[in-house]
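Asks: Respectively, the protein sequence lines represent chains A and B.
With positions in the first sequence counted from 1, the corresponding number in the numbering used here is that position plus 252.
With positions in the second sequence counted from 1, the corresponding number in the numbering used here is that position plus 53.
Keep in mind the hints are simulated off the structure, nothing from the lab.
Given the structure is predicted, the values throughout are model-derived calculations rather than measurements.
It cannot be assumed that every hint is accurate.
Chain B regions said to be covered by chain A (calculated; three or more residues, Cβ under 8 Å) [what the hints assert, rightly or not]:
hint, region
1, 64 to 71
2, 83 to 89
3, 99 to 106
4, 169 to 175
5, 215 to 224
For lysine-lysine, the following DSSO-like pairs were computed, each having C-alpha atoms within a straight-line distance of at most 27 Å [unchecked claim]:
hint, chain 1, residue 1, chain 2, residue 2
6, B, Lys211, A, Lys259
7, A, Lys259, B, Lys181
8, B, Lys135, B, Lys124
Just so you know, even glycine gets a beta-carbon here, dropped at the ideal spot from N, CA and C.
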Amino acid sequence: VKPKPVKAIHDALDGVGQPPAGSETEAQLRRYEETLRMLEQSRVAAPPDLAARIMDRLPSPARRRFSTLKNWLPAPPQWLAPALAGAALAVLALFAGDRLHKPLETEAVAVEVHFELHAPGAHRVELVGTFNHWQPGTIRLQGPDASGHWEARISLPEGRYEYQFLIDGRRWVTDPAAAVVRPDGFGQMNAVLEVSGEGTTL
Amino acid sequence: MDPSDAVLVERCLAGNTAAYNDLIHRYQDAVFGFVLRMSGNWHEAADLTQDTFLRAYRKLDSYDPRFAFRKWLISIAANLTKNRFRSFFRRRRMEQELAERLNDSIQSPIDNPRVEELQQVLMQIPEKLRAPLILKHVEGYSYEEIARTLGISVSAAKMRVVRARDGIVQRLRRPDSGGEL
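Could you put the whole structure together from the sequences, leaning on the hints where they help?
Replies: Take a look at the structure:
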């Protein structure tokens, strides 16, 4: 027997009006309620690798900023790209001839930096900072060893960097070994790392 | 204490993509659940969830933090799903395919046969009724919110929810009927 659509049932489901009277209508209402409860409770979890797949496909921050900017700019005229390319070539021609005969005076120095964190309960520890454009999933620490320490050694060119550890993809941790920290503007602290040829300051 | 959605969005906009990972973890089940009920297909739902989060990321600077981030995501997911069903012929073909694939496509973390049957019944009602029903009874939207999300009037939202409820209750076998529709 198909239940007839009854306004009183829908009003009751929406929490308005009087509860329906009559045993048949009440039975119908219970059936609606049971069905909707099942619908509400039939919750499912997303596939476990979904977040990682989405993160892999995110555009880089620089590209995202450019695409945002692009929305605000008027469409460039057709001649703009060739004109810019020509101008770039002209500038290159002016400087390249002179520089090609001179060796570079300074070479960029890469320095190996050791990162370490004590996190015995963690399943995954990552290093995320300005050197990898705050992109997780690129630098993983090895560990934990028997004492719960995680570590990574990476080569960085000279410069100033900021970073945090990311535990299990969720929890941000400031490097407790950092001598210099600065607020990240969001209520947490970034560790500051100065890398130079003479030595590295954490 | 976990940072709020608005704080995570600010971090993303400042170039910290890891903050987006937190937002994904926070809402992937909600978005996936919504599109799975809409599409009836596990792989389709995974694709639509990915597309929803990628589109949201590209539009992040247009997100208004006065509104719930979850609702903003669901509205993107609803629009993406609607686009997939937009063409009549594509819709008809897709709904047929979905009905055929349904039995093996809802790989069941849902181990309740009644709930599985409900999923199948859900796929038998039109997409334009399914979306308001899910928004109302799974996401807990008001009729005004449904209207805003789907770009329809409040009275149309109410009418569609009523028709959808009738549709699934009429199609679902009674638990004691032994096969009676």
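Asks: So, for every hint listed, does it hold in this structure?
Replies: Results for each hint:
Against chain A, the region 64 to 71 of chain B contributes 6 residues with a C-beta closer than 8 Å to a partner C-beta. That satisfies the three-residue criterion, and the hint holds. Given as covered by chain A, the region 83 to 89 of chain B passes the check, having 4 residues with a CB less than 8 Å from a CB of that chain where 3 are the minimum. Requiring three or more residues with a Cβ within less than 8 Å of a Cβ of chain A, the coverage given for the region 99 to 106 of chain B holds, as 4 such residues are present. Only when three residues or more bring their CB closer than 8 Å to a CB of chain A does the claim for the region 169 to 175 of chain B stand; here the count is 3, and the claim holds.
Note: the region 215 to 224 of chain B has 6 residues with beta-carbon separation from chain A under 8 Å; the three-residue rule is met and the coverage holds. Restraint check for Lys211 of chain B and Lys259 of chain A: satisfied, since their Cα atoms lie roughly 12 Å apart, inside the 27 Å limit. Simply put, Lys259 of chain A and Lys181 of chain B have alpha-carbon atoms about 21 Å apart, close enough for the 27 Å limit, and the pair holds. Annotation: proposed proximity of Lys135 of chain B to Lys124 of chain B holds, straight-line Cα distance about 16 Å (limit 27 Å).
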